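Enquirer: Letter by letter, the chains look like this.
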Amino acid sequence: MSTTAIPTNTKWWNGGRSPFNISYGKVMMWYFLMSDAFTFGAFLISYGTIRFSVNHWADPNHVFNAFPGFGHHNLPLAFVSLMTFILIASSVTMVLAVHEGHKMNKKGVENYMILTIIGGLAFLSCQAWEWTHLITGDHAVLVNGHLEHWGTTVSKNPWGPEVMFNGQEVATPGPIAFGGYFFGITGFHGFHVFSGVIINVVMLIKTKLGHFDQRGHYEMIEKAGLYWHFVDLVWVFVFLCFYLV
Amino acid sequence: MSSQVTSPEITHAPEHASGTGRIWKTFWVLSFLTGIELGLGYLLYYTHGNWGYTAVISTKLTIAVLTLLKAYYIVSVFMHLGDEIRNMIMTIIVPLCLFIWFITAFLWDGNSWKNLRNTNGGSHPAQTEQHTVPAVEKDAKP
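Here the protein sequences line up with chains L and Z, keeping their order.
Just so you know, we're using the working numbering here: the first sequence kicks off at 1 and counts up by one.
Just so you know, we're using the working numbering here: the second sequence kicks off at 246 and counts up by one.
For the record, the hints were derived by calculation from the structure and aren't laboratory data.
This structure is a prediction, so every number in the text was calculated from the model and none was measured.
Glycine is no exception: its CB is placed at the ideal position from the N, C-alpha and C atoms.
A couple of the hints might just be wrong.
Stated by the list, open to error - Under the rule of at most 27 Å between Cα atoms (straight-line distance), these lysine-lysine pairs were calculated in the BS3-like manner:
no. : chain 1 : residue 1 : chain 2 : residue 2
1   : L       : Lys-107   : L       : Lys-223
2   : L       : Lys-223   : Z       : Lys-359
3   : L       : Lys-11    : L       : Lys-103
4   : L       : Lys-223   : L       : Lys-206
5   : L       : Lys-106   : L       : Lys-208
6   : L       : Lys-107   : L       : Lys-206
7   : L       : Lys-208   : L       : Lys-107
8   : L       : Lys-103   : Z       : Lys-270
9   : Z       : Lys-305   : Z       : Lys-359
10  : Z       : Lys-359   : L       : Lys-156
11  : Z       : Lys-270   : L       : Lys-106
12  : L       : Lys-11    : L       : Lys-107
13  : Z       : Lys-270   : L       : Lys-107
14  : L       : Lys-208   : L       : Lys-103
15  : L       : Lys-223   : L       : Lys-208
Unchecked claim - Sample of chain L residues at the chain Z side, in silico, Cβ under 8 Å:
no. : residue
16  : Asn-21
17  : Met-28
18  : Trp-30
19  : Asn-55
20  : Ser-91
21  : Leu-96
22  : His-102
23  : Asn-105
24  : Thr-153
25  : Val-154
26  : Leu-226
27  : Leu-240
28  : Val-245
Unchecked claim - Quick list of the computed label-pair ranges, beta carbon to beta carbon:
no. : chain 1 : residue 1 : chain 2 : residue 2 : range
29  : L       : Ser-125   : Z       : Thr-256   : 44 to 50 Å
30  : L       : Asn-111   : Z       : Ser-276   : 19 to 25 Å
31  : Z       : Gly-284   : L       : Gly-184   : 26 to 32 Å
32  : L       : Ile-198   : Z       : Thr-364   : 48 to 54 Å
33  : Z       : Leu-306   : L       : Ile-205   : 41 to 47 Å
34  : L       : Gln-214   : Z       : Trp-358   : 57 to 63 Å
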């Protein structure tokens, strides 16, 4: 998008105009997102510090290798790719809703908001399945000389180094931090997706009631859009830190 | 295209694009970058144990750079930060530079922690090296 030509000698800081050339609400949404970026950043960096400090960490290709309906087939990266794609697609429908808002096209905004909400719900469903699979799955772990069957939880990590036991390779307990970081960070992100869906539903209702037509602009859709894109942005980094590397 | 003035302090209303070409182009760019990331992820998976430390780290760094590129496209196009004036872009980007120190210092610290643990506080040579147990298909347990 091109902006109208701005005079080169515009005095942005002389008062009477926004030095950032956007409304107060949008500036504050950006600053909120920046602080949220530091919160997520601190979580992910803390995870990285602990992961760097131990000799063994769970191999993500080993932990996240299931896909609904495929039983015990080994499909590393497949399900999380689907989740990533769902979020990218819902980001596109969101930016299309903003685009329709610029054109004051109420019907278009409604349709794209509905698609965005469906994308958010689809992502949350995927995450619910993934968590259930990890928590309820059971894996043989050698604990104090005998085999136990563990799921992945905040207090149990069955993905430690493998040892030979009675002629077969068996995992030992891994660093306990794995479950806490995984469920903590993906849970915090999932909570953002959930609140994003709620915000989008509110925006859809307000659009349907004609509030933005009365107001003369669809800037609220842009603010909700900023939040939604931020959720996608965070997922890009969660995808990198937990699943890819 | 009529420009909507949402606030009297906004003196230059941006002229919004009439088409959606740029949005879809960005969608394909993001999908393509994700595809490359997945390709490198699978490359790491299928060559695990055969590649040396440097090759694995370089591949992971490449994936991280591609992720930053994706972040750039999301923020610049989807969040329209690229369309704002320079003042606005700088008030967001400059504080985020803190992450450069944040990531470097803490990962360095984690690595130092591991070295101290493996060498008993530096009193004897390292005995264990960091390694990841390769995922092997046969041990997908029921």
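Enquirer: Tell me if the beta carbons of Leu-306(Z) and Ile-205(L) are separated by a distance inside 41 to 47 Å.
Expert: Roughly 45 Å apart at Cβ, these two residues keep to the hinted range, so it holds.
Enquirer: Check whether the Cα positions of Lys-208(L) and Lys-103(L) lie no farther apart than 27 Å.
Expert: OK: Lys-208(L) and Lys-103(L) at ~16 Å, within 27 Å.
Enquirer: Starting from the range 48 to 54 Å, see whether the pair Ile-198(L) and Thr-364(Z) falls in it by beta-carbon distance.
Expert: 51 Å, holds
Enquirer: Check whether the Cα positions of Lys-270(Z) and Lys-107(L) lie no farther apart than 27 Å.
Expert: 24 Å, holds
Enquirer: Mind checking the CB of Val-154(L) against every CB in chain Z and telling me if the closest is under 8 Å?
Expert: This interface hint is violated because 20 Å lies over the 8 Å limit.
Enquirer: Holds or violated: are the alpha carbons of Lys-208(L) and Lys-107(L) at most 27 Å from each other?
Expert: The given pair, whose Cα atoms are some 9 Å apart, holds under the 27 Å limit.
Enquirer: Hint check: Lys-223(L) vs Lys-206(L), CA-CA at most 27 Å. Holds or violated?
Expert: The hint holds at about 14 Å.
Enquirer: Straight-line Cα separation of Lys-223(L) and Lys-208(L) no greater than 27 Å?
Expert: Roughly 17 Å between the alpha carbons, so the hint for Lys-223(L) and Lys-208(L) holds.
Enquirer: Measuring from the C-beta of Trp-30(L) to each C-beta in chain Z, is the shortest one below 8 Å?
Expert: Hint holds; Trp-30(L) Cβ to chain Z Cβ min 6 Å, cut 8 Å.
Enquirer: May I ask you to test the interface hint for Leu-96(L) with respect to chain Z, counting a Cβ-Cβ separation under 8 Å as satisfied?
Expert: 6 Å, holds
Enquirer: For the restraint on His-102(L), tell me whether the closest CB of chain Z is nearer than 8 Å.
Expert: Holds, about 4 Å.
Enquirer: Could you grab the alpha-carbon distance between Lys-223(L) and Lys-359(Z) and see if it respects the 27 Å cut-off?
Expert: Answer violated: Lys-223(L) to Lys-359(Z) is near 44 Å, above 27 Å.
Taken one by one, the earlier hints fail for this structure at numbers 2, 3, 12, 17, 23, 24, 25, listed in ascending order.
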